[in-house]
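A.B. asks: Okay, here's what each chain looks like letter by letter:
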Amino acid sequence: MTFSTIHALVLRNLYLYSRTPVRLVELVFWPLVDLLVWGYLTVFLQKHTGDSFPYQITFLIGAVILWDILFRAQQGVALYFLEDVWSRNLLNVFSAPVTNADYLASTYVIGFLRAAVTSILLSVLAIVLYSFNLFELNWSLVPFVFNLLLFGWSLGMISTALIVRWGPAAETLAWAVPFFIQPFAAVYYPIDALPSAVRWIAELIPCAHVFDGMRDGLKDGSVSWINLGKATGLNVIYLILAGMLFVRVMKTAREKGLLTKFVSQ
Amino acid sequence: MQDPVLEVTHLVKEFGSVRPVDGISFDLKRGEILGLLGANGAGKTTAINMVLGIVTPNAGSIRVFGKDLAKERIAILRRMNFCSTYTQLPGNLRVWQNLTVFGKIYRVPNLKKRIDEVLELLEIAHLKDRVSGNLSAGESTRLNLCKALLNKPELLLLDEPTASLDPDIADKVRKVVKRIREEDGTSILYTSHNMRDVEEVCDRVVFMHQGKILFVGTAAEILSHFQEESLESLFIRVARGGEIEAASAS
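These protein sequences, in sequence, are chains A and B. Every letter in the first sequence is one number past the one before it in the numbering used here, and letter 161, counting from 1, is 161. Every letter in the second sequence is one number past the one before it in the numbering used here, and letter 184, counting from 1, is 184.
Here chain B stands alone, though its shape is the one from the complex (with noise of 0.2 angstroms):
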């Protein structure tokens, strides 16, 4: 767990006069799970979307594997992946044509024998005829999961990704990205808005508040810090903007 996997150093984006990126800078360790956590309007996803390369920063540099995003995008992008509660994949696909689509694009070898095992991994080998739009809300994410695990990734981006799940899917969630950080030594950025999440899977987190970082610690460390009993409590407090400022100078 020593090697930066990913480095982000004094990132900014501005959208016209709004700045939801101010200046962050963090990084993430190889075979760590970097939770982001933060209220809504914090900056996370806007984070996780320069680390895909969909946005560009203003200002700042992001560095994965030791390079250069900015140069080496396309490089970068074939051994990481990404899944996120608010993409899908096409509804009108059946759950192998959607993945042999994905698994074809990141130049899975052995495809067929890989969507056999990240079903599995999932637990959704029997859907693998389905049509996708006709998934419940928790399959779907454990499908996008599955295309997200596919090339087996070093860095794996997971917006939220059990924020429609019901808590048994949500644990077995939670179980798997355990298991791929052991197995394979998968490096994971990890945004949620649910503090069990956070505390049980994340090594440590990226506490953000109005596109800056408040602190950056484990769990333990971040409750330490800010005196409380809890992360949703601070999560509250943070969202609702009482004495951060304090708090954090403390």
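For reference, chain A alone in the conformation it holds in the complex (with noise of 0.2 angstroms):
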């Protein structure tokens, strides 16, 4: 891993948003109508029901900006991939000295920096509207917040490798596959809410645990070790298996050519 390889790759990408303004729209305009919407849900369903108001309500609003962290760090990942496939850049950096590290690693600053920008215009609107401090989670926040983008960062790898196993007509799943998990992902809702056949397959999922976790914090104010243990250690294991996979699907790709057939497109 070459750190002025890393920092170039990260380089071309800061390059872009900073060209291409509009494509910051992207990372605020849609974390924004979710944030709206489910902002005045929860201040509607606070009106209608008093005092008997249930914390786990309010944690609506900062698990919409937490999916939003996940959701980002994945995008970064595999948004990457697929710019230079649009810009039929892929063989000039692939035919670089780039190694997969170099790459998977700058994917990851990218997805970090996405995650940050999206987060902290939400957390700042969520006081401004909805009086919503998601920092009165204080210290224990970035823990879960960090598991989170570690999560985003696996699925983005996953993501990628599919596109390239699967070609062009895959790069739906950039945007698809963290949908895939969100029903068994507890953002909402606590694990317990779902039906007992299929929450073993939440115990499976990382940021399962961090939201569970959160919403005890947000309850009470402590944090919640056994969730964010579970977090951690379900985060590992994905990281390892996702980052063999990325090298394994790299590596068909250069038994099979493709590669070049992105060129072709």
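Keep in mind that the hints were calculated from the coordinates and are not lab data. Where is the CB? At the ideal position from N, CA and C, for every residue including glycine. Check each hint, because a few of them may be wrong.
[Stated by the list, open to error] Derived list of chain A stretches under chain B, where covered just means 3 residues or more per stretch with a C-beta under 8 angstroms from a C-beta of chain B:
no.	segment
1	85-91
2	97-108
3	160-170
4	182-191
5	230-241
[Stated by the list, open to error] Calculated pairs, EDC-like style, for lysine to aspartate or glutamate (alpha carbon to alpha carbon, straight line, at most 20 angstroms):
no.	chain 1	residue 1	chain 2	residue 2
6	A	K261	A	E83
7	A	K251	B	E14
8	B	K104	A	D84
9	B	K29	B	E182
10	B	K178	B	E229
11	A	K261	B	E14
12	A	K251	B	E72
13	A	K256	B	E182
[To be verified] Distance ranges between label pairs, derived from CB positions:
no.	chain 1	residue 1	chain 2	residue 2	range
14	A	V33	B	E183	52 to 60 angstroms
15	B	A125	A	W30	38 to 46 angstroms
16	A	L204	B	D129	37 to 45 angstroms
17	A	L204	B	D116	54 to 62 angstroms
18	B	E183	A	F180	54 to 62 angstroms
Reassemble the complex: the two chains are provided individually, in unrelated frames, and hints are given to aid placement.
C.D. replies: Now the structure itself:
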């Protein structure tokens, strides 16, 4: 892994965003729509339930913000590859002295930056519009958010690997993959709310433990170490498996000439 | 012009039942320009993609600078570069931004100075601040060439570099290719459908057909071997499959 190569690949994306600010709309627009819809739903429920308003509903706004952290981190990795496909730059990158590790590390940085932009913006707007302060969770927020980033990166690697394997027709996976797991990710409801027959799926998804843990934290200010531990352990496994999948698919892509198919589209 | 920079030995590539490269062997000497000539489907681009490490061969070996490409790909790629008419640099970046990114990837020293040098060499210095996507086809090809020359490669792979150019710009590109060979001793593997390119630029030509090498030699040797008056007429004859085996065997 070479710092100068990672720096160059990150720089390419930063140039891209500075050259075409309209791309920032994608980072802001959809998350903002989510925040407004769920935020006003929360306000509506708050008004009509009075003192019996359950704390879980308050967390809807937090869930929107945190889901977007995961989603933007995943997109940072998956769209990074597609940017090179769309600009017909793919062979220039893969014929250059860029290792898989350089490539992945730079996608992680971009994923982190995308998640940071979206989460900071939404957090500020949540305070202004709904007096919802995600940072009431204090420092316990940091390891949970970090776990969301890790899982976003894993999903991004899986998305990219599937796109490389199945070709340009599979581009939509860049947006679809996170939503495959969303019903079991316990974003807006706890794992316990799922039918017992599918609860085991949620147990295997790191972000389900993040969201459960953060709901607990919002309830009484405590840090749910069990949830944090489960999320971190699962994330380590997912990162290793996703990394192995990516490396394996890149090897297959070179054997089957899959990278050149993106150029001839 | 003695040490082989590139040695390709018994190279085979299969995609399912198709064999676009079928046991080819050739070498490229230091400071030599070697043309890969053949009709569509002859296996030129697949061969180049294998030399770049983008496609893995099924059999055979590729040695670059005396090293095994399969084992030392990244170290080898630092000393070579590539330009194809089928690739582009990101259209939404400015010319200098694209060259900066690739200059950093290839660890080019004094990058700003080098960017100015290559832009001057390709006569597009006035386009430095232009958005790459707004360049004409000819300008875009020359920008690609600038990228390929940034790291002063010892081995340069050019895949149909003049395909989209008008005769004037194509002539300029040919002159640049010859100049960098003269000044820097760059070894160049050059594919083209343009017979004039091949005759004017290449020291030797590898003539390919259906994944195999029909002949390796100078343009004059090839014409003599196949008893043709021009490479173009030979190209058409080979592409249409007429009397190849007989001519090849003679």
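A.B. asks: Given the hint that K261(A) pairs with E83(A), test it: the Cα-Cα distance must not exceed 20 angstroms.
C.D. replies: 15 angstroms, holds
A.B. asks: Straight-line Cα separation of K256(A) and E182(B) no greater than 20 angstroms?
C.D. replies: 37 angstroms, violated
A.B. asks: Given the hint that K251(A) pairs with E14(B), does the C-alpha gap stay at or below 20 angstroms?
C.D. replies: The given pair, whose Cα atoms are some 15 angstroms apart, holds under the 20 angstroms limit.
A.B. asks: Between the alpha carbons of K104(B) and D84(A), is the straight-line distance 20 angstroms or under?
C.D. replies: 17 angstroms, holds
A.B. asks: Take a look at whether the Cβ-Cβ distance between L204(A) and D116(B) falls inside 54 to 62 angstroms.
C.D. replies: For D116(B) against L204(A), whose Cβ atoms are near 55 angstroms apart, the range 54 to 62 angstroms holds.
A.B. asks: Does E182(B) lie within 20 angstroms of K29(B) when you go C-alpha to C-alpha?
C.D. replies: Roughly 14 angstroms between the alpha carbons, so the hint for K29(B) and E182(B) holds.
A.B. asks: Given the hint that K178(B) pairs with E229(B), does the C-alpha gap stay at or below 20 angstroms?
C.D. replies: 25 angstroms, violated
A.B. asks: Take the C-beta atom of A125(B) and the C-beta atom of W30(A), compute their distance, and say whether it sits inside 38 to 46 angstroms.
C.D. replies: 42 angstroms Cβ-Cβ, so the 38 to 46 angstroms window holds.
A.B. asks: Please count how many residues of the segment 85-91 of chain A have a CB within 8 angstroms of a CB from chain B and say whether that reaches 3.
C.D. replies: holds (count 5)
A.B. asks: For the segment 182-191 of chain A, do three or more residues have a beta carbon lying closer than 8 angstroms to a beta carbon of chain B?
C.D. replies: Result for this restraint: violated, n = 0.
A.B. asks: With a cut-off of 20 angstroms on the C-alpha distance, tell me whether K251(A) and E72(B) pass.
C.D. replies: 15 angstroms, holds
A.B. asks: Under 8 angstroms between beta-carbons, do enough residues of the segment 160-170 of chain A, three at least, approach chain B for the coverage claim to hold?
C.D. replies: violated (count 0)
Consistency note: the structure conflicts with the earlier hints numbered 3, 4, 5, 10, 13, 16.
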